[in-house]
Structures are given as structure tokens and as C-alpha cells.
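A.B. asks: Keeping the supplied structure of chain Y fixed, place chain U upon it in accordance with the hints.
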Amino acid sequence: MKRFYVLLALVAAAGGGAMWYSSHRKPAPPPAAARVVAATDGFRGYTLGVESAPVEVTEYSDFECPFCASFATVQMPVIREQLIAPGKLRWRYRDFPLPTHRYSRYAALAAQCAGEQGKFWEMHDQLFEHHQWAQTGKNPRSLFQDFARAVGLDLDKYDACMDGQRYAGRIEASVQEGEAAGVRGTPSFYVNGRPFERSTSDDFKALVDSLTKKHK
Amino acid sequence: MIRRQAIVLLALVGLLVATYLWLYKIGVLGELRCGTGSCEYVQTSRFADLLGVPVAFYGVAGYAMLFVIGLAGLEGRFAGDRRLSVLLAALATVGFAFTLYLTYIELFVLHAICRWCVASAAIMTAIWAAAVAGVSRR
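Chains Y and U, in that order, give the protein sequences.
Last residue of the first sequence? That's 216 in the numbering used here, and every number before it is there in order.
Last residue of the second sequence? That's 138 in the numbering used here, and every number before it is there in order.
If you are wondering where the hints come from, they were derived from the structure by calculation, not from laboratory data.
Please note that a few of the clues may not be correct.
DEER-style ranges, computed between Cβ atoms [as the list claims (entries may be wrong)]:
| no. | chain 1 | residue 1 | chain 2 | residue 2 | range |
| --- | --- | --- | --- | --- | --- |
| 1 | Y | Val191 | U | Tyr104 | 20 to 30 Å |
| 2 | Y | Asp209 | U | Tyr104 | 41 to 51 Å |
| 3 | Y | Gly16 | U | Arg46 | 29 to 39 Å |
| 4 | U | Val94 | Y | Asp154 | 37 to 47 Å |
| 5 | Y | Val74 | U | Leu50 | 17 to 27 Å |
| 6 | Y | Leu7 | U | Gly76 | 11 to 21 Å |
| 7 | Y | Phe67 | U | Val109 | 21 to 31 Å |
| 8 | U | Tyr101 | Y | Leu8 | 23 to 33 Å |
| 9 | U | Ala61 | Y | Leu8 | 11 to 21 Å |
| 10 | Y | Ala12 | U | Ala79 | 15 to 25 Å |
| 11 | Y | Arg194 | U | Ala61 | 52 to 62 Å |
| 12 | U | Ile26 | Y | Ser199 | 31 to 41 Å |
Glycine is no exception: its CB is placed at the ideal position from the N, C-alpha and C atoms.
Bound conformation, chain Y alone:
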């Protein structure tokens, strides 16, 4: 019996030691946040909806911003269903990672790398629907890899894209475009180049209705 208690003590010590080591381990370095040169590839953001839709909204958004997450998870599903799916509205997503958010550029990069494999919107939804990552302050690298796995990305390609920061230039170009348009916070919406200051699905329905009537 004495040997059994010794075994218990050894298991407890080994487990406790491993956790102590884990809690004191140097955290993974934060993703590089160096300013990069804006891309000139003419990329204008990922879109939802048909090209022939009478109204196009450009959204400047930040994956770490709580208001953007709330908009994406509460308002956007209604907008997708009632305006985008029937062909009344086209939606363009532009990155505008705010400098106060530590991982928003990294998240934008994850979405772009998913977009490379045709899964931008799937990753967009993962980043906003599991928004707890934005409140923890933890390095989200492995969580984003989980998201990548969940949406069915080829993880090797995704990792290569992330490690090489392949689309950092696109994100920077999007930020510069937003700044030139006068974006100050997120989410910001523009309709035909003009700011649209409202942000509920009802507001967008009213907007589409009024613009569609004008065109009839």
C-alpha cells in the first residue's frame, strides 16, 4: 500500500511540474506587425452577392473589433438572407485592422490566406463567431489553425501563406484605401463611395428599397 501512495505522489508531482513548466514557458512570439508596402495587385476585397445587384455596400471591418463581431453575427445573417441572396445587394469586405488591436492584422491575414483557397467567408465567419479569442489577449496562432482545419483548408498551404505573410500588402492597401475614404472606426459602411452611418439590417433594407425605387 505504501508503494501505491508513493506512485500517487509521483504522478501528482509529474503532472503538477508539467503544468508549472507550461505556465512559465515563454509564450510564442506575437505575429510580426511590421508595416509593409501596400500591394498594387488591384485586389478590391472579397464579395458576396451577384455582380448585377443594384446596390453595393463596402464594409471596412476589423476582425478583433467587438462591434464588427456583433454586426457580423447578428445583422449580417439577416442581410445575407433577405438582401444578398435574392440579388438585391452586393457586399464587399475590406480590411481595416485598427492599430490598437494586437491581432487584428494577423486575423485579416488568416482570412486572406483562407481566401486563397476559396474559403474567405468561411474563415470570416469562424473569426467572428468564435470571437472569444479577441478578448483573451492570447496568441491566436493555433486557434486560427483550428479554424482553418474546421473550414477544410489545406493546412500546409495555409501555414505557408501565414508564415510568409503573403497578403500583408493587400491588407495594407485596404487600410490606405479606407483612410483615403475617411474611415475612422469599424465597422464603417460606404454605398457608392458615400458613407452610410447606420448599421442594422433594417437600415440596409430601407437603403436598398429606397435606391431600388429610384432606379425604377
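C.D. replies: Chain U alone, transformed into the frame defined by chain Y:
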């Protein structure tokens, strides 16, 4: 006696696993060591909390109870006490049912597997089997 020893040892390992997940959840640990699993995906999902309490904490509490009761059952005066075996089996059954629920969520709702959760599920299943055998063979 050997079954109770097994329960105590397994409960201790389960307690360590649940504590690890709980410490991650409350922010003490920065990252989970998960290999190719989807631990953080599972741990940051809406199913990682139940009634406002991290699911991992239920694990800590459950394994701690099994450990303490099992340890008491190794003491001479409780060694032949059937009530203790029934209590262990009842607790282990609750834990096993909870484990089945969590595994279902992982497999069919989240479509993601957390290795530590699988380890905990295996441990709880083994405890349940040992505890039920402990009641039926006395």
C-alpha cells in the same frame, strides 16, 4: 481493493488533465499543447461553458470527489464498505454520462476533437467500468 486503487490513480490523472484545461480557460496557461487536435477550437466554443462555469471546472470538481472518496475507500475501516462503492459508482455514472454528452458535442456539433478531452473521456470511462464492477462483484 485493486479496483479502488485503479479508480484513485485514474481520478488523479483525470484531475490533472481537467486542471490543465481549467487553467487554460481562466487564462493562467497561454496555449494548450494539442498536437494536431483542435483543443483551442473546442475550448473557446460556446460549449466550453455550462451555466456560466467552464466545463473543465466540472471535471476538476468531479475528479477531485472521485479521488477523495476513492482514497477514503482504501482506508482499513472503509475497505469493505459497500456504501462507498455505490457512491463511487453513482458519481462515476454521472461523470460518464457527462462525458458522453461532451463527446457527442465534439463529434457531431463542433466536428472537432480536443485530445485532452478524449483523454479525459477515456479516463472517466475506465473509472466508470471499475466503479460499476466494484459494486456488482461485492
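A.B. asks: Does each hint fit the structure? Answer for all of them.
C.D. replies: Evaluation of the provided hints:
no., hint, result
1, Y:Val191 x U:Tyr104: 20 to 30 Å, "violated (45 Å)"
2, Y:Asp209 x U:Tyr104: 41 to 51 Å, "holds (44 Å)"
3, Y:Gly16 x U:Arg46: 29 to 39 Å, "holds (30 Å)"
4, U:Val94 x Y:Asp154: 37 to 47 Å, "holds (42 Å)"
5, Y:Val74 x U:Leu50: 17 to 27 Å, "holds (23 Å)"
6, Y:Leu7 x U:Gly76: 11 to 21 Å, "holds (19 Å)"
7, Y:Phe67 x U:Val109: 21 to 31 Å, "holds (28 Å)"
8, U:Tyr101 x Y:Leu8: 23 to 33 Å, "holds (29 Å)"
9, U:Ala61 x Y:Leu8: 11 to 21 Å, "holds (19 Å)"
10, Y:Ala12 x U:Ala79: 15 to 25 Å, "holds (23 Å)"
11, Y:Arg194 x U:Ala61: 52 to 62 Å, "holds (57 Å)"
12, U:Ile26 x Y:Ser199: 31 to 41 Å, "holds (33 Å)"
The structure fails hint 1 only (numbered hints given earlier).
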